[in-house]
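Colleague: Now for the letters of each chain:
Number of protein chains: 2
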Amino acid sequence: MAAAPVWSVDPRTGKQREQVAVEATAQEVDQIVRAAHAARASLADRTVRAALLRTAADLLDESAEHVIEAADAETALGPGRLTGELARTTTQLRSFADIVDEGSYLDVIISHADATQTPPWPDLRRYKVPLGVVAVYAASNFPLAFSVPGGDTASALAAGCPVVVKAHPDHPATSELCVDALHRAAVRLELPAEVVQLVHGFDAGVELVRHPLVAAAGFTGSVRGGRALFDAAAARPQPIPFHGELGSLNPVVITEAAAVERAEQIGEGLAGSMTLGTGQFCTKPGFVLAPLGDAGDALVKSLTHAVSEVEAGVLLDHRMRQAYVDGVAARAELPDVEAPVTPGAGGEHTVGAGFLTVPAARLASSGEHDLLIEECFGPVTVVARYADEAEIGAVLSRLPGNLTATLQLSDAEAADPAGRGAALLAELTPLAGRVLVNGWPTGVAVAPAQQHGGPYPATTSTSTSVGGTAIERWLRPVAYQSTPEALLPPELRDDNPLGLPRKVTP
Amino acid sequence: MAAAPVWSVDPRTGKQREQVAVEATAQEVDQIVRAAHAARASLADRTVRAALLRTAADLLDESAEHVIEAADAETALGPGRLTGELARTTTQLRSFADIVDEGSYLDVIISHADATQTPPWPDLRRYKVPLGVVAVYAASNFPLAFSVPGGDTASALAAGCPVVVKAHPDHPATSELCVDALHRAAVRLELPAEVVQLVHGFDAGVELVRHPLVAAAGFTGSVRGGRALFDAAAARPQPIPFHGELGSLNPVVITEAAAVERAEQIGEGLAGSMTLGTGQFCTKPGFVLAPLGDAGDALVKSLTHAVSEVEAGVLLDHRMRQAYVDGVAARAELPDVEAPVTPGAGGEHTVGAGFLTVPAARLASSGEHDLLIEECFGPVTVVARYADEAEIGAVLSRLPGNLTATLQLSDAEAADPAGRGAALLAELTPLAGRVLVNGWPTGVAVAPAQQHGGPYPATTSTSTSVGGTAIERWLRPVAYQSTPEALLPPELRDDNPLGLPRKVTP
Numbered sequence: 422m423a424a425a426p427v428w429s430v431d432p433r434t435g436k437q438r439e440q441v442a443v444e445a446t447a448q449e450v451d452q453i454v455r456a457a458h459a460a461r462a463s464l465a466d467r468t469v470r471a472a473l474l475r476t477a478a479d480l481l482d483e484s485a486e487h488v489i490e491a492a493d494a495e496t497a498l499g500p501g502r503l504t505g506e507l508a509r510t511t512t513q514l515r516s517f518a519d520i521v522d523e524g525s526y527l528d529v530i531i532s533h534a535d536a537t538q539t540p541p542w543p544d545l546r547r548y549k550v551p552l553g554v555v556a557v558y559a560a561s562n563f564p565l566a567f568s569v570p571g572g573d574t575a576s577a578l579a580a581g582c583p584v585v586v587k588a589h590p591d592h593p594a595t596s597e598l599c600v601d602a603l604h605r606a607a608v609r610l611e612l613p614a615e616v617v618q619l620v621h622g623f624d625a626g627v628e629l630v631r632h633p634l635v636a637a638a639g640f641t642g643s644v645r646g647g648r649a650l651f652d653a654a655a656a657r658p659q660p661i662p663f664h665g666e667l668g669s670l671n672p673v674v675i676t677e678a679a680a681v682e683r684a685e686q687i688g689e690g691l692a693g694s695m696t697l698g699t700g701q702f703c704t705k706p707g708f709v710l711a712p713l714g715d716a717g718d719a720l721v722k723s724l725t726h727a728v729s730e731v732e733a734g735v736l737l738d739h740r741m742r743q744a745y746v747d748g749v750a751a752r753a754e755l756p757d758v759e760a761p762v763t764p765g766a767g768g769e770h771t772v773g774a775g776f777l778t779v780p781a782a783r784l785a786s787s788g789e790h791d792l793l794i795e796e797c798f799g800p801v802t803v804v805a806r807y808a809d810e811a812e813i814g815a816v817l818s819r820l821p822g823n824l825t826a827t828l829q830l831s832d833a834e835a836a837d838p839a840g841r842g843a844a845l846l847a848e849l850t851p852l853a854g855r856v857l858v859n860g861w862p863t864g865v866a867v868a869p870a871q872q873h874g875g876p877y878p879a880t881t882s883t884s885t886s887v888g889g890t891a892i893e894r895w896l897r898p899v900a901y902q903s904t905p906e907a908l909l910p911p912e913l914r915d916d917n918p919l920g921l922p923r924k925v926t927p
Numbered sequence: 422m423a424a425a426p427v428w429s430v431d432p433r434t435g436k437q438r439e440q441v442a443v444e445a446t447a448q449e450v451d452q453i454v455r456a457a458h459a460a461r462a463s464l465a466d467r468t469v470r471a472a473l474l475r476t477a478a479d480l481l482d483e484s485a486e487h488v489i490e491a492a493d494a495e496t497a498l499g500p501g502r503l504t505g506e507l508a509r510t511t512t513q514l515r516s517f518a519d520i521v522d523e524g525s526y527l528d529v530i531i532s533h534a535d536a537t538q539t540p541p542w543p544d545l546r547r548y549k550v551p552l553g554v555v556a557v558y559a560a561s562n563f564p565l566a567f568s569v570p571g572g573d574t575a576s577a578l579a580a581g582c583p584v585v586v587k588a589h590p591d592h593p594a595t596s597e598l599c600v601d602a603l604h605r606a607a608v609r610l611e612l613p614a615e616v617v618q619l620v621h622g623f624d625a626g627v628e629l630v631r632h633p634l635v636a637a638a639g640f641t642g643s644v645r646g647g648r649a650l651f652d653a654a655a656a657r658p659q660p661i662p663f664h665g666e667l668g669s670l671n672p673v674v675i676t677e678a679a680a681v682e683r684a685e686q687i688g689e690g691l692a693g694s695m696t697l698g699t700g701q702f703c704t705k706p707g708f709v710l711a712p713l714g715d716a717g718d719a720l721v722k723s724l725t726h727a728v729s730e731v732e733a734g735v736l737l738d739h740r741m742r743q744a745y746v747d748g749v750a751a752r753a754e755l756p757d758v759e760a761p762v763t764p765g766a767g768g769e770h771t772v773g774a775g776f777l778t779v780p781a782a783r784l785a786s787s788g789e790h791d792l793l794i795e796e797c798f799g800p801v802t803v804v805a806r807y808a809d810e811a812e813i814g815a816v817l818s819r820l821p822g823n824l825t826a827t828l829q830l831s832d833a834e835a836a837d838p839a840g841r842g843a844a845l846l847a848e849l850t851p852l853a854g855r856v857l858v859n860g861w862p863t864g865v866a867v868a869p870a871q872q873h874g875g876p877y878p879a880t881t882s883t884s885t886s887v888g889g890t891a892i893e894r895w896l897r898p899v900a901y902q903s904t905p906e907a908l909l910p911p912e913l914r915d916d917n918p919l920g921l922p923r924k925v926t927p
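In order, the protein sequence lines correspond to chains A and B.
For my numbering, count along the first sequence from 1 and bump the result up by 421.
For my numbering, count along the second sequence from 1 and bump the result up by 421.
Everything labelled a hint here was simulated from the structure, so no lab data went into it.
Each residue gets a CB set at the ideal place from its N, CA and C atoms; glycine is no exception.
Worth double-checking, as some hints may not be accurate.
[Unchecked claim] Partial chain A-side listing against chain B, Cβ under 7 Å, derived:
#1 533
#2 542
#3 546
#4 634
#5 842
#6 860
#7 863
#8 869
#9 872
#10 883
#11 907
#12 908
#13 911
[What the hints assert, rightly or not] Some residues of chain B that are not near chain A, with every Cβ distance over 10 Å (derived):
#14 423
#15 426
#16 452
#17 455
#18 485
#19 487
#20 505
#21 597
#22 682
#23 766
#24 788
#25 795
#26 882
#27 908
One chain only, chain A, in its complex shape (with noise of 0.2 Å):
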């Protein structure tokens, strides 16, 4: 049988490009996954991870020119996002490098012996040790910051795991050109290519995930393939963790009291944040909750003219094209949805950005409805109309989980820790992973302090994929006890050579 070729297609015009690559076979996943778990030991020094991760920055950087001209070609993402993603990407890359290096990621606890103690205690020096090589899924939407040099790959090669990314079909060839830079870094700091590899191929990717070797997996992407890979995961003869971001709904809770003191403003904030990049975001604000009247009235008309202004773009290929265009058409169709600007097909290639109103009523009780509490990429959003807090109480209860839940404050409300904000926030809470105040959800910087990952199906895990605590995700904690000093390893050894953060007691 002739090996599957890969082409990298212009979803501008639906045309092929060129063909990049051919699928992995099942033999050569084994061949690749084999290579990487022998190279390991390669990755067991600190300093040369985080060289690895600066040096790949670097490389990155010089290749932008190019980079950013497939990622555009092959996404139509345009050369302005991309140099942003690309910025972001090697930030990233760096900011690991530096996790890496301050090493109190390692989470070193040294309890020292004491027979004072119920029972007594050993001496017991626990940190944590990488878990083997990684699986990462590219995401569709960010062919460069959640893909080949992304953050998952990033954060697994801080950790010391090799990895093997499985490319997303919409972008094979910047794939290509990235895995290229990374093996260049590796070159240089005579490290074997083999740290991080790429696959091709949907069968590769379902091949990756249940080889034995291959022991955590990461994904970005859609419900139906997340969860297919993680009941794979879970249902190994030896389950492995699987961090996977599957969809996310975004709410937004719009006051009262905000629509009155800034209709004009959140109309067309939220404009802005649901056409970002094609409304091609997983933190898209995809559902909105707006109150009934005139201030809600004048919220929707500020958002309708916004809207309307927004000139038609091109999503990343054509099947997720179609899906849109059928999506909003069946949701249209709903008892009660009306569109004040009708989302739908635009040119023969495009797409036009629109949203839907519904009666926030409709949605207190399961039933055909429930269509418009599921995640619909592409640049729409639904305007559900509140009668009273009731309501939005009820709605909120039968939301899914999600990677962010904002809320519109007025000045008042934003102030008083006693009132109707407050008691909004706690409701936010158990929803999603980030909560944002008079913000849009759009954007997720690059901190520490950063949680990208919340409640099912936003993310099948307690774990974030973006800032510092991600590299969390391919570590496990081993403790050793009444172990001599000779053999120690440096992190846990009493003079500290390392100078790691550490807690020791007593």
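Position chain B relative to chain A; hints supplied.
Modeller: This is chain B only, laid out in the frame that chain A set:
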């Protein structure tokens, strides 16, 4: 249909002692979980939770006589061991109270707004919040420390999660006494009793892990039972974290030099560890690699002598006794397996300790001898005699994951950072969560640096069930973005009113 009775049984006679409860129906489990969910808010205050844990410890101490009497009557573990286990249990409760007070488990990270970053940072403040209702599956072999008032319950309450314990059928009366003490502690602190509840029955346990309001589970038990519950947790519409400790062989490697130096002492130590508590510890050394030749023979002789002197003991229940008798018989029948001290049935209700030997070469590749590298609960171990170091490596590479792995080294090996001891330590580390040198794995200190959890099937996750970091299992991170000071939880306010340890940048 009449409710199924739950009997307390005396394992020393196999006779029913008394009916202590009835099994919970699916409807009752639903009511119980809903009540637990409704009690969440009562655990929001850290001070109250710390007081609850300390009061529970005090009340258990006050009830010590009754609790130990009931536990001994149901488990035959003996008042000495049970007195120690109760002390361990109250230590655990009190140490989690200290952890709640100290507050670093909240993992507060504050990233102040910073426009100079790429991309710019908004104000982000992250800490950890409780997951919700936790299901705890009690262990057979620790009626206190890994059961109703045990580590899972203590750490979940510390995290702020209400708990529903599924009692182990080997000690229902003890379970009732313990939950009564926990309820009295709740009442003293004016908390609803529903913060900790108890259910009996196999089916109730299955209902529990499937209940939509159960947010996480902790389990200590067998591979078969634990895997079934793990699979149920993963198959839910919304999967939940399942932290299960399923089984462990706890391999021991004895070098030739160690055997030359301390054959007698190692034989005695091994006998003591493998027969402690009638071999019913999850950390029992169940598989030993010892050298062929004179030094190894001397070690086997010492082990033979020491194990011969161990009196017959009572296992936790008659089903377990039968599994032991059948399990050791099936192992002893394998070709080339010898039994210097034959393990098996003792009296009508007891079992006799023993051990088996086998040439290590028999285990270097897969076959019928693989039964010898499966855990066998009870006072038996398998000593595999190796001819050379290559055989050690070949057998180690075939072992499943473990809670512990132990190395017995000579003085010279223990002092040489570049010698055989260091190489073996590196070989054992991937196999276990706790690695010991010249000690024995039974006895698990409740210390900050403890790691009681290892690669599957030792544990279904990368967590620990003993030691301070066990609290991490019941929490998830939440970040607040651009949230006004007035609305932030006190843990995240600029003035740090609770005086928590925090990481703040820039």
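Colleague: Does each hint fit the structure? Answer for all of them.
Modeller: Here's how the hints hold up against the structure:
1. The interface hint given for residue 533 of chain A is violated, since its Cβ lies 9 Å from the closest Cβ of chain B, which is over the 7 Å cut-off.
2. At a threshold of 7 Å, the smallest CB-CB gap from residue 542 of chain A to chain B is about 4 Å, leaving the interface hint in force.
3. The closest approach between the C-beta of residue 546 of chain A and any C-beta of chain B is roughly 6 Å, which is under the 7 Å cut-off, so the hint is satisfied.
4. For residue 634 of chain A, the shortest C-beta to C-beta distance to chain B is roughly 12 Å, which exceeds 7 Å, and the interface hint is violated.
5. Residue-level restraint check for residue 842 of chain A holds (minimum Cβ-Cβ distance to chain B is 6 Å; threshold 7 Å).
6. A least Cβ separation of about 5 Å between residue 860 of chain A and chain B falls short of the 7 Å threshold, and the interface hint therefore holds.
7. With a cut of 7 Å, the hint placing residue 863 of chain A at the interface with chain B is violated, because the nearest CB-to-CB distance is about 11 Å.
8. A distance limit of 7 Å between C-beta atoms decides the matter here; for residue 869 of chain A the minimum to chain B is near 5 Å, and the interface restraint holds.
9. Checking residue 872 of chain A against chain B by beta carbon gives a least distance of about 4 Å; that is within 7 Å, so the hint holds.
10. A hinted interface residue such as residue 883 of chain A counts as satisfied when its beta carbon comes closer than 7 Å to some beta carbon of chain B; here the least separation is about 4 Å, so the hint holds.
11. Because the beta carbon of residue 907 of chain A sits about 5 Å from the nearest beta carbon in chain B, less than 7 Å, this interface hint is met.
12. With a least beta-carbon distance of about 5 Å to chain B, the hint placing residue 908 of chain A at the interface is held under the 7 Å criterion.
13. Because the beta carbon of residue 911 of chain A sits about 10 Å from the nearest beta carbon in chain B, more than 7 Å, this interface hint is broken.
14. Distance check for residue 423 of chain B against chain A: the nearest CB is about 36 Å away, which clears 10 Å, and the non-interface claim stands.
15. Every CB of chain A is more than 10 Å from the CB of residue 426 of chain B (nearest about 36 Å), matching its label as outside the interface.
16. Remark: the non-interface label on residue 452 of chain B is consistent with the geometry, its nearest Cβ contact in chain A lying 19 Å away (cut-off 10 Å).
17. Taking the minimum C-beta to C-beta distance to chain A, about 14 Å, the non-interface status of residue 455 of chain B holds against the 10 Å cut.
18. The non-interface label for residue 485 of chain B is consistent with chain A: the shortest C-beta to C-beta separation is roughly 14 Å, beyond 10 Å.
19. Separation of residue 487 of chain B from chain A is adequate, the least Cβ-Cβ distance of about 21 Å exceeding the 10 Å criterion.
20. The non-interface label for residue 505 of chain B is inconsistent with chain A: the shortest C-beta to C-beta separation is roughly 7 Å, within 10 Å.
21. Its beta-carbon lying about 25 Å from the closest one in chain A, residue 597 of chain B satisfies the requirement of being farther than 10 Å from that chain.
22. Separation of residue 682 of chain B from chain A is adequate, the least Cβ-Cβ distance of about 14 Å exceeding the 10 Å criterion.
23. The beta carbon of residue 766 of chain B is kept farther than 10 Å from every beta carbon of chain A, the shortest such distance being approximately 32 Å.
24. Even its closest Cβ contact with chain A, about 18 Å, leaves residue 788 of chain B beyond 10 Å, as expected for a residue assigned away from the interface.
25. Separation of residue 795 of chain B from chain A is adequate, the least Cβ-Cβ distance of about 14 Å exceeding the 10 Å criterion.
26. Not every C-beta of chain A lies more than 10 Å from that of residue 882 of chain B, the closest at about 7 Å, which undercuts listing it as non-interface.
27. Distance check for residue 908 of chain B against chain A: the nearest CB is about 5 Å away, which does not clear 10 Å, and the non-interface claim fails.
Checked against the numbered hints above, the structure violates hints 1, 4, 7, 13, 20, 26, 27; every other hint is satisfied.
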